[in-house]
Every structure is written in structure tokens, then in C-alpha cells.
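Construct the entire structure; sequences and hints are all you get.
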Amino acid sequence: MTASNKPASGGYQTDSPRFDRPLSPHLQVYRWQITMLTSILHRATGIVLSVGALLLTCWLVAVAIGGEHYARVAAIITHPAGQAFLFLWSIAFFYHFANGIRHLLWDAGWGFEIKRMYASGYTVFAFVVAATAITWWLAWDKIGGGA
Amino acid sequence: MQTPMKRVRGLGSAKSGTEHFWMQRLTALALIPLGLWFVYSIVTLAGADHDSVVAWMRHPVRATLLALFAATAFYHSKLGLQVVFEDYVHTGWLKFTALILNNFIHVLLGAAAVISVLRVAFGD
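These protein sequence lines are chains C and D, in that order.
Residue 1 is where the first sequence starts when you use the numbering used here, and the numbers rise one by one after that.
Residue 1 is where the second sequence starts when you use the numbering used here, and the numbers rise one by one after that.
What the hints contain is simulated information worked out from the structure, not anything from laboratory work.
Owing to the predicted nature of the structure, the values given are computational and were not obtained by experimental measurement.
Be aware that a few hints might be false.
[As the list claims (entries may be wrong)] Examples of chain D residues lying across from chain C (beta carbon under 7 Å, computed):
#1 G47
#2 H50
#3 V120
#4 A121
The beta carbon of each residue, even a glycine, is placed where N, CA and C say it ideally should be.
Structure representation (C-alpha cells):
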């Protein structure tokens, strides 16, 4: 193929004569299907959860210190933007949780048939919707009742 | 006299080649019950003030589960983000720096989380 296929910078392979071979089609060439969607989402939600772990540490440190520090972190969490992030975090958690179990089942050798793979994928999405709805219904009920 | 052994020392499986893969699965398995318990706990704590949170966290079983959840989650997060950096950062020195910082930041945040839980649990 032509030189335009070489990575813009930092690629390891640009010096290799073997790089001029035809390349496999990249992501945008393929038709979207649930198997690739669930795979991509697993990594994306994992990254969201890692960012959320930063907030977890902030919260725990604030609980340990108390006083003004706790008030500041509590203000961030109860702020609409904080609540929006927690909502996103809960979706990411339930997705990564359910799809992670799907991955563990694959590791155990279960569910590789195309039919089962699609069924388990849709099951994950259904679980996310149900679990997120129940969680926030309970949480808002608690805040409404406690305040 | 030299054998091919010297070329594979430190590179090969020798029962540690699958450590990343295995620890990712092991922490994932542990996070199934720990994660569910954590989300349940957060929901029960919704709207609670500082005193209630401290009283909740001082319970030895809760402190244990919370510290284990934090440590396991940060270990799992470190393994996951490591793969993301390995896959998407292609510039040699940048990848190297990202992987080192990934380790340091996860250990720092994980230690702060666990020590904070212990501080509350053992506090007066």
C-alpha cells in the first residue's frame, strides 16, 4: 500500500519493509453489531469507573478528615453535576458488572455460540436499565424521605 | 558454556507469564460481591450526614468490606488502564511514562482510600 497508510508519528513499524503489505480493514469498515458494541462499551465503562474511583478516594479521605473537607466533597456529590456523574457512574458500573460476568463465563468456556452471544449481550443491556432504575428510585426515595 | 536458558530468563512463562490475565479475572470475581455490596451501601447512605457515615463505617465488618472493595477495585483499575495505555499510546517514552504513572497513581489513591477507612474504623 502507499506511504499514506503509515502512522503519523511514533509508530514502531514504519521502518519495517513488511509494513507495505495490505492492511486489515479498520473499525469504520465494519457493520455495527452487538458483539463489537459490547466489547467497546466494556472498555469505555471501565475508564469511567476508574475516574469514579478517584471520587471514591476523595470521599473516603473527606470522611476520615471530616469538618470543612467533608462539607466540600459532599457539596460536589450533591451538586447536579455531581449527581449526573454518579448517574453515569452507576450505568457504567452495572454495565461493566454484567458484561464482566459475561466475560468470566466466556473464560469458563460458556456462551461462545453466536445465538448465546447475542442473547447474553441483550441481557446485559436489559440488566443495566433495570438495575440503574431500581438503584436511583431507591436512592431518591431515601433522599426525599430523609431531608 | 552457554545454554538458551539465559535468553529466556525473565521473559518466559515460568508460571508468571499469565499473571496480568489471571489477576484481572481474580479481582473481577472478588468485585462481584464486593461491588454489589458497595452500591447497596451507597444507596443506604444517600442523604446521610457526616456523623451517620462515620458511625456506619466504624462497624468492623463494613470497614473490612470497604477496605477490601477499595483495594481490589484499584488493583483491577490499574490492570485495566494498563492495557488501555499499552493499546493506544504508541510513542515509546510516552507509553513508558504513562505506565509508570498508572502504577504510582493507583497505589497512591488505593493506599489513601484504605488508610482513610482504617482511620475512621480505629478512630476515637
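Against the structure, the hints:
no., hint, result
1, G47, "holds, 4 Å"
2, H50, "holds, 5 Å"
3, V120, "holds, 5 Å"
4, A121, "violated, 10 Å"
The earlier numbered hint that this structure contradicts is number 4, and it is the only one.
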